[in-house]
Each structure stands twice: as structure tokens, then as C-alpha cells.
Amino acid sequence: GNSVTQMEGPVTLSEEAFLTINCTYTATGYPSLFWYVQYPGEGLQLLLKATKADDKGSNKGFEATYRKETTSFHLEKGSVQVSDSAVYFCALLRQGATNKLIFGTGTLLAVQP
Amino acid sequence: DAGITQSPRHKVTETGTPVTLRCHQTENHRYMYWYRQDPGHGLRLIHYSYGVKDTDKGEVSDGYSVSRSKTEDFLLTLESATSSQTSVYFCATAQGGEQYFGPGTRLTVT
Chain A
23 GNSVTQMEGP
33 VTLSEEAFLT
43 INCTYTATGY
53 PSLFWYVQYP
63 GEGLQLLLKA
73 TKADDKGSNK
83 GFEATYRKET
93 TSFHLEKGSV
103 QVSDSAVYFC
113 ALLRQGATNK
123 LIFGTGTLLA
133 VQP
Chain B
961 DAGITQSPRH
971 KVTETGTPVT
981 LRCHQTENHR
991 YMYWYRQDPG
1001 HGLRLIHYSY
1011 GVKDTDKGEV
1021 SDGYSVSRSK
1031 TEDFLLTLES
1041 ATSSQTSVYF
1051 CATAQGGEQY
1061 FGPGTRLTVT
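Residue numbers (the numbering used here), protein chains in the order written: chain A, 23 to 135; chain B, 961 to 1070.
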């Protein structure tokens, strides 16, 4: 079946540190991949996406590359800020599905000043 | 911002009572979804709708029903609330392969 596996958190970093949150997936066909972010007390917001192999999604200094050979979509940022503290969800959208997303369990990022 | 509102935002109810959560959108999106969010589980799909009066079950639909009589409104009903349904509930809409989420409803069943 289709599934998404994320690294468990919490991830605690100092401001300006490099961030990597790992995400791997299992899916048939060619899914689209997403990263969503949830700030405290809010709903999820789309952070970035990639729709085919080797695509790189980017937004607000975050990047993730769709790697079909390793079935991965790791989230990276070169220099995190306190304001990046949030829960990050990796998700896939299977081809042909009625826009149904399958989410990972989420990774809490805490950035300390 | 896809203009999604949820009501109520917070609710405390007793075991065995019926509860209805409302999701309202202003973007005329065809697809709408109800998820629940629990620690260690991420978001899990309860029910979804692909048009007015067209709905289907998600992965955790037991104990829940939905209705969509208008494009803009998607209602989630807990027929007889149980403590295991204590959770944060999110509504979402979809357009062009992207989903947009509401602010959530925190439901506590005592």
C-alpha cells in the first residue's frame, strides 16, 4: 500500500543551524509529494511540492528534491530561524486518487535562539 | 488562504451525545475532507466528498457520518460521541492537486 515515513522528533536546533527532516515513501506509480507545515494552534499550510522525479520544490528557504531511486523527499534548510519552529508533515498524493493525501506522522522542529 | 472556516473551534461534550462539526468554504472547491489529528498518528482521513451529495469513507470512518448538501458546506457528525473521538478535527478543500486546511476544531469528549 501507500505510506509515508518521517523521522521522529522532536528535532531541536540552534538558530542558523542546518536542517534536514527525512521522508521516505512507498507508492505505486508516480505520486506527487508535499511538505506541509503546522504552526502552533493553526491548520496545515502547504510549504512546497514536487510532482515528478528529480523535481525540486522550494519555498521560504526550504527545499526538497523528489528522488525516485531512493523513494525519498527530504526537507532541508540552510539556516533555521526561531520562527521556523513548527510541526512538518510529509505527504503523498497518489496518481488517480481523488486528491486524497497520505500523511506521515509529523516531525516537531524546535529552534532555540 | 482558501477561505475555510470551521465551527465550533472548541467543544466539550459528554459521552453518548451527538456532535456536529461544520466546515464552510468560500472558494467553490469541489473536493472536501475531514481529518483527525492525534499524537503519533499524523492526520488520518475520516470522510471525503467529491461533490454535492457525493461522499466516501476514509481510513477511520467508524462512528462518523458526513453530509454535503451545498458545495460550500461539509458537516461531520459523531452520532454518539466516545472518549476515543477526543481529537483535533481539520477540514480541508482541494483544487489542482493541492489541499487547503481550516484552523481546526478541538473536541473533548468526557
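Any given hint could be a false lead.
What the hints assert, rightly or not - In silico lysine-lysine, DSS-like type, Cα no more than 25 Å apart, as pairs:
1) A:K71 with B:K1013
2) A:K74 with A:K122
3) B:K971 with B:K1017
4) A:K90 with A:K71
5) A:K78 with A:K99
6) B:K1013 with A:K122
7) A:K122 with B:K1030
8) A:K71 with A:K99
9) A:K99 with A:K74
Claimed, not checked - Okay, the calculated bits of chain A under chain B, using three or more residues with CB under 8 Å as the criterion:
10) 32 to 41
11) 90 to 99
Bear in mind the hints are in silico, worked out from the structure with no lab data behind them. Keep in mind that this is a model prediction, so the values were computed, not measured. All C-beta atoms, glycine included, are put in the ideal place defined by N, C-alpha and C.
Outcome, coverage hint (the stretch 90 to 99 of chain A, chain B; C-beta under 8 Å; three residues): It is violated: at least three residues are needed, and the stretch 90 to 99 of chain A offers just 0 whose Cβ sits closer than 8 Å to chain B.
Does K122 of chain A lie within 25 Å of K74 of chain A when you go C-alpha to C-alpha? holds (17 Å)
Regarding the pair K71 of chain A and K1013 of chain B, is the alpha-carbon distance no greater than 25 Å? Given that 25 Å is the threshold and the Cα spacing comes to 30 Å, the pair is violated.
Below or equal to 25 Å on CA atoms is what counts here, so check K71 of chain A against K99 of chain A. holds (15 Å)
Given coverage of the stretch 32 to 41 of chain A by chain B, checked by CB-CB distance under 8 Å (3 or more): violated (count 0)
Are K78 of chain A and K99 of chain A close enough, with their CA atoms no more than 25 Å apart? holds (13 Å)
Are the Cα atoms of K1013 of chain B and K122 of chain A separated by 25 Å or less? With Cα atoms ~18 Å apart, K1013 of chain B and K122 of chain A stay inside 25 Å; holds.
Given the proposed pairing of K971 of chain B with K1017 of chain B, does the C-alpha separation stay at or below 25 Å? holds (24 Å)
Is the Cα-Cα distance between K90 of chain A and K71 of chain A 25 Å or less? holds (14 Å)
Given the hinted pair K99 of chain A and K74 of chain A, is their Cα-Cα distance within 25 Å? holds (21 Å)
Do the alpha carbons of K122 of chain A and K1030 of chain B lie within 25 Å of each other, as the hint requires? Between K122 of chain A and K1030 of chain B the Cα gap is close to 21 Å, so the pair holds against 25 Å.
Violated hints, listed in ascending order, are 1, 10 and 11; each of the other numbered hints is respected by the structure.
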